[in-house]
Amino acid sequence: GENVEQHPSTLSVQEGDSAVIKCTYSDSASNYFPWYKQELGKRPQLIIDIRSNVGEKKDQRIAVTLNKTAKHFSLHITETQPEDSAVYFCAAGSYGQNFVFGPGTRLSVLP
Amino acid sequence: NAGVTQTPKFQVLKTGQSMTLQCAQDMNHNSMYWYRQDPGMGLRLIYYSASEGTTDKGEVPNGYNVSRLNKREFSLRLESAAPSQTSVYFCATNLAGGTDTQYFGPGTRLTVL
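Chains as they are written, first to last, in the numbering used here: chain A, 1 to 111; chain B, 1001 to 1113.
Some hints could be false.
What the hints assert, rightly or not - Quick list of in silico lysine-lysine cross-link-like pairs, BS3-like style, CA-CA up to 25 Å:
hint	chain 1	residue 1	chain 2	residue 2
1	B	Lys1009	A	Lys42
2	A	Lys37	B	Lys1009
3	A	Lys42	A	Lys71
4	A	Lys68	A	Lys58
5	A	Lys58	A	Lys37
6	A	Lys57	A	Lys22
If you are wondering where the hints come from, they were derived from the structure by calculation, not from laboratory data.
Whole structure, please, built from the sequences with the hints as guidance.
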């Protein structure tokens, strides 16, 4: 079955700097890769996703890149702000297979 | 639209007690899921229902049962609660399977003493 690893487990950055979180997956059949943000005490919410026919996707300060050959994908947050502080989860899924989530990255944006 | 709702928000049980967590969605989604979230463990799938009338085990099904009551509702039952089941439980829904955004409910925080 699919296995998703995520690094780092914790990340601290200065406000205004960039943050990068990396995930690797094992199943070459996976073709959908969402990223979720979970603020303290709240539910996970989708922030961006990418499908395997696309190499990069951007939404304002957030971008995701996908390398199918190496089986890894990354979340990039530029110009970080205090409200970006949260736990971020990556996931991998495919048709007929449920998502497998990574263990999460706790991002702290320091003022 | 309420999206995905869960009841209760909080619950404290004694070891051996039973309870049912309720989840309902008004998004007309086919698939529904139950996850548990423990500190540092991410989201682990307990059971899922790909469509009305079907249910299947996920990664950590032991100690739980589910019922897909209709298209809108998916319940999770703990027959004899154990301290190891202390966790936050999230229900989620999507149109279908692993190629579509999942939407999560607000969660149920369960403590088993």
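Hints versus structure:
no.	hint	result
1	B:Lys1009 <-> A:Lys42	holds (12 Å)
2	A:Lys37 <-> B:Lys1009	holds (20 Å)
3	A:Lys42 <-> A:Lys71	violated (30 Å)
4	A:Lys68 <-> A:Lys58	holds (18 Å)
5	A:Lys58 <-> A:Lys37	holds (16 Å)
6	A:Lys57 <-> A:Lys22	holds (15 Å)
When the structure is compared with the earlier hints, a violation turns up for hint 3 alone.
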